[in-house]
Amino acid sequence: MKRVTFFLPVCMMILMTFNMSTAIDKATMDRGKKVYTQYCMACHQVDGSGVPGLNPPLEKTPHVLGSKTKLIRIILNGMDTHEEIDGETYTNVMAPHNHLTDQQIADVLTYVRNSFGNKAIVITPGDVKYVRARTK
Amino acid sequence: MRKHFFGPLLLMTILLIDPVSDLLNFQIKKNAGGEAENAGLKLPAGFKASAILDSIGKARHLVVTKKGALYVKLSKLVNGKGILYIKDTDADGKIDDIKSFGNYIGTGITIKDGFLYTSSNDEIFRYKLDENEEVINPDLPEKLITGLINGRQHNTKSLVLDDKGNIYVNIGSPSNSCQEIDRGAGSKGKDPCPILDSAGGIWQFRADKLNQTYKDGVRYATGLRNVMGLDWNFQVNELFVIQHGRDQLDMFPEYFTAEQNAEVPAEEMFMIKKGANCGWPYCYFDVQQNKKVLAPEYGGDGKKTTRCEGVEQPIVAFPAHVAPNALLFYTGNMFPEKYKNGAFIAFHGSWNRSPEKQEGYYVAFVPFKDGKPNGPWEIFADGFAGVETVMTPKQAIHRPCGLALGPDGALYVSDDVKGTIYKIIYKNN
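Heads up: the sequence lines are chains A and B, in that order.
Sequence positions in the first sequence follow our numbering and run 102 to 237.
Sequence positions in the second sequence follow our numbering and run 4 to 432.
Simulated from the structure, these hints should not be mistaken for laboratory data.
It is possible that part of the hints are untrue.
Mimicking DSS-like on lysine-lysine, the simulated pairs with C-alpha atoms at most 25 Å apart in a straight line are [to be verified]:
| # | chain 1 | residue 1 | chain 2 | residue 2 |
| --- | --- | --- | --- | --- |
| 1 | A | Lys135 | B | Lys421 |
| 2 | B | Lys115 | B | Lys421 |
| 3 | A | Lys220 | B | Lys397 |
| 4 | B | Lys167 | B | Lys372 |
| 5 | B | Lys115 | A | Lys134 |
| 6 | A | Lys237 | B | Lys191 |
| 7 | A | Lys161 | B | Lys421 |
| 8 | A | Lys127 | A | Lys169 |
Here's a subset of chain B near chain A, in silico, CB distances under 7 Å, partners left out [to be verified]:
| # | residue |
| --- | --- |
| 9 | Arg155 |
| 10 | Gln156 |
| 11 | Glu391 |
| 12 | Thr395 |
To be clear about the criterion: a stretch of chain B counts as covered by chain A if any three or more of its residues have a C-beta under 8 Å from a C-beta of chain A, and this derived list gives those stretches [to be verified]:
| # | stretch |
| --- | --- |
| 13 | 158 to 171 |
| 14 | 183 to 192 |
Being a predicted model, the structure only gives us computed values, none of them experimental.
From the three backbone atoms N, C-alpha and C, an ideal C-beta is built for every residue, glycine too.
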């Protein structure tokens, strides 16, 4: 019985994670695409392929598929680090997008993490709120 | 049976000891471009193109020696080196020797009066040449200029020399439009723009003095966002430049749609005299209204022209965002009379035109007479992208980046995606 009470929440968490990564509701994706088109597409392009040497791609890169916190921080703070991404560097600056709401950031990141060949768990407005409160 | 076994083995052995394949692993295509007519390029009647090399790395600007050898500057090191020296030692029309030197990346490279001049993204060097225009000591360049702004964005240092011992260097602005938050939606422009003190213009230095810094140079022209293509016109003894115009007018959606951003802000070509102000970041040239207008970062609404009176006007306005990466006045004798002293421009191709399709990815030509354009510009060589429509830049297979004139009058074009070098000749038969 003790074992069951321990494993049950773990199983549920795994199931929830699985659910979230496979079935993202269309409304979220549609809202995310709208934010992407308005604020991201010019630089990162309609297919997320970026601009070689200027603007990083969003296709299966560690930034997009990795830590949710780091990714949310890129939206809030912008990016001007010139770090290598898969062996290439990119010169353009990304402005901070902290004027977007928690919902908009959650939607667009969920859209990006599940478009262009990407597959990763959703980012919720709660995730964004948590990171925003701890980001300066 | 034995023959079958040893045949391929022998061939492999020959390939392994072939001195060509020993050369830094560069791929030398013996008949590069042989498959596609004109190496896939579309050219005016009578012109032929061939790809004399490919896969040499991110080939930026290039220059051809009087013996027909090429120096190519790379923007990413290959085997630790950033300059290639390429030649056809047995003069059979095929490249058979590539050497490399210089442990820095960059774009600018040119030859003038016995020296090879090159740039990293913050310094300028020169190498003494022998009578065949070969670098005498590739490991010991003289450092001419140091400490130039290298802001990553627009950091390439294109260069050209005049006949009086001066070198002209582009110092691009590390910014799109000098906003308080670079590329931030609705962000105002810094006023006055502090970038202009040390960038956003062309600086003049001495070509023979070592270790120069900003204090030794002269800000020859200002108000230029970023210039990659520049050339000295020896007919009229003036500097000509072509600017990468501003991006993202639609950061101000109350005045501009994405579609307007795609079409409106020109890529401007200027004749520059000392002291010229070309207007950036306060003004840009509107292709549709055919005039300079005030930038939205400085209170512009797409119509106002305040602050734009008296700034330099372009001598040619090219379509928005097509990215002029090289400018070359044609002084050769191979091409027909129409091309003599005219300007070739290598357009790298756009990225900031979505939702419209991308444009550029071609070499254009402007006819000139007595140092002035005397006809409309036209596309000279097209088809570099290798696809009919480029929606996103990554779809382009090749992108023109550098231009050079051969001693026989042939035009060379570099591509920094696949590292292809094209040679374009004219054959009137």
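* **Structure versus earlier hints - violations, ascending order** => Going through the list in order, the structure violates hints 1, 2, 5, 11, 13 and respects the others.
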